[in-house]
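Using the hints provided, position chain B relative to the given structure of chain A.
2 protein chains.
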Amino acid sequence: MTNEKNLIKKYFLPLSKNLESQNLSNDAAIIKKSSDFVVTSDMMIEEVHFDSAINPKNLAKKILRVNLSDLASMGSSPYGYLLNIGMPNNLKEKWINDFCLGLSQDQKKYDLKLFGGDLSSSSKIFLSVTMLGKIKKKFLKSKSTANSDIFVTGNLGDSALGYILNQKKNHIKLEKQIVNYFVKKHLLPSPRLDIGRRLIGYSNACRDISDGLIKDLEDICDNSNLKATIFLNQIPLSRNAKKIKQDIEKNTNFWELVLCFGEDYELVFSMDKKKQNIFFEQNKKLKTKITKIGFFSEGSGVEIIDNKKNPISFQKIGFSHF
Amino acid sequence: MTNEKNLIKKYFLPLSKNLESQNLSNDAAIIKKSSDFVVTSDMMIEEVHFDSAINPKNLAKKILRVNLSDLASMGSSPYGYLLNIGMPNNLKEKWINDFCLGLSQDQKKYDLKLFGGDLSSSSKIFLSVTMLGKIKKKFLKSKSTANSDIFVTGNLGDSALGYILNQKKNHIKLEKQIVNYFVKKHLLPSPRLDIGRRLIGYSNACRDISDGLIKDLEDICDNSNLKATIFLNQIPLSRNAKKIKQDIEKNTNFWELVLCFGEDYELVFSMDKKKQNIFFEQNKKLKTKITKIGFFSEGSGVEIIDNKKNPISFQKIGFSHF
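Chains as they are written, first to last, in my numbering: chain A, 1 to 322; chain B, 1 to 322.
For the record, the hints were derived by calculation from the structure and aren't laboratory data. Heads up, a few of these hints could be off.
Intra- or inter-copy, both count: the list cannot distinguish identical chains.
Simulated pairs of lysine-lysine, BS3-like, Cα-Cα distance not exceeding 30 Å [unchecked claim]: (1) K9 x K316; (2) K10 x K141; (3) K250 x K285; (4) K5 x K143.
Since the structure is predicted, the reported quantities are computational estimates derived from the model, not experimental observations.
Chain A extracted, bound-state conformation (with noise of 0.2 Å):
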């Protein structure tokens, strides 16, 4: 592999061709205050997010979009990010090829400039964006209100579904096209950043599901001192979520793969009552299917009703890394 220098001019640098990184002749970036800003941070590390074997191009685009997924949630504008990449120094430069093609057509897709970074070797892969989003003086806060029914964009599950359908040793057996469907979900999210910032001024509470629906609800229902109730037979499936279900039952709790694994980067967001009519009036013609799942009242947690109108719980709320 070519050294540290050479890698950076050759394929960072054409991707941070902007004013605020200098084309990375200084130690830092320059930010102007031409608007104020978000500002997030996410990592991915190989054996804990991804494993070796993946798409260098795909792995670029998720560390991207699961930042903008962050920016969505608060209703902001793609800016820019730096990028930290630890990686093994046998590392073919092919593999920084192909991440550095994906960083740029995502670049390109979401408006985005590359500002800055660091570089180094390491024993496993690393990587960890930190991301820039302009936002207005109005922004989606975190904090809802008892009189607000829940929603959340597109369909939960897919991603979910589609890290079980990747495993080399699951034993579901189904089509390659649907495999490939799901397998897509959980790589290539798509960041709400639209959805989010149409819901300024509507939303009081906005957050992106990264954790799984009930662990990042819990979030609004702590931070709001509130309790949110939700429907299971409300919750959106795609089609091909509805046609594998049975498969799925026999070996694993469907409805807990759902709704507590994450990584779905939909929004999950509350709405006053009295702001959705016309919210919906003037978004009907969004293509993004928006659902509402429930509601807020007084009290604390997270209630999750079943079909026959009982409330149910699953062994393990969310991810968590300890």
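Positioned in the frame of chain A, the structure of chain B alone reads:
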């Protein structure tokens, strides 16, 4: 170990009591457009930048100070940071407690806020910090002119010597007090924030010495299309470094170590001859040593002149991870 959410609540939330982080209740922190910013990011990886025996309090301070040094080189003032930590599941909670104590002490010392971050399990300890600093309209650039001299702050090489002496396998026998002096210089750099700010309007190129004087100077030369000439007999050494120079030279190229190892976290900067009188007149009470070590001229690359006025070169210029 307690789970992720509890760890954050117990150890990191108390460090994040600021408006920007909103008590970590959102997916991102909010930065108001009160001034222009610089933003920089650096990482430290177990077995690459430190070994597992390192005192966690010192490790926390070092990852902050490495980033603070980047702010210093831009003439910027500390504002806040995001912290990503990957750490083994079996790490003792005492480790986290001590690590956070180090963060807390340096947050106070440098007037720094924790804005947020990410926590994950990982086979090795992985740290990534992204730091924001405030700047005035003018900031330190990295392009020198041919009419400028080259200066450094403090002494060079103490950190490199500390690294060598801290290795268990080194065969150099010295008084414990002297060893401790160097090891401390390696573990706890002192970012030159005050001098960085004073240089605004006077220096036309400034970098912090992280990769070794020669490599960092080469970067300024590249940016400026200039040649740097420096003189070994003008390189500032600590009294202790002078004392052990002969011992070190038995096994190692002393000057290569001092000029190429890096991690000094001193500033190397250039200043036009016309501005030097007024700068040094205004800063004559400055406690930190500033030493002229050479000059810029038309040409390219770094020329090193030894005590006999002969140009010399080193085998390995600066640290490259690849």
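At most 30 Å between C-alpha atoms: does K5 with K143 qualify within a copy, between copies, both, or neither? between (46 Å within a copy, 18 Å between copies)
If the cut is 30 Å between Cα atoms, do K9 and K316 qualify within a copy, between copies, both or neither? Intra 46 Å, inter 20 Å, cutoff 30 Å: inter-copy only.
If the cutoff is 30 Å on CA atoms, where do K250 and K285 land: within, between, both or neither? Let me know, please. This pair counts as neither: shortest intra-copy Cα distance 39 Å, inter-copy 78 Å.
Between K10 and K141, at a C-alpha cutoff of 30 Å, which is it: within one copy, between copies, both, or neither? Classified as between; 23 Å across copies, 41 Å inside a copy.
Going down the numbered hints, you'll see the structure goes against just number 3.
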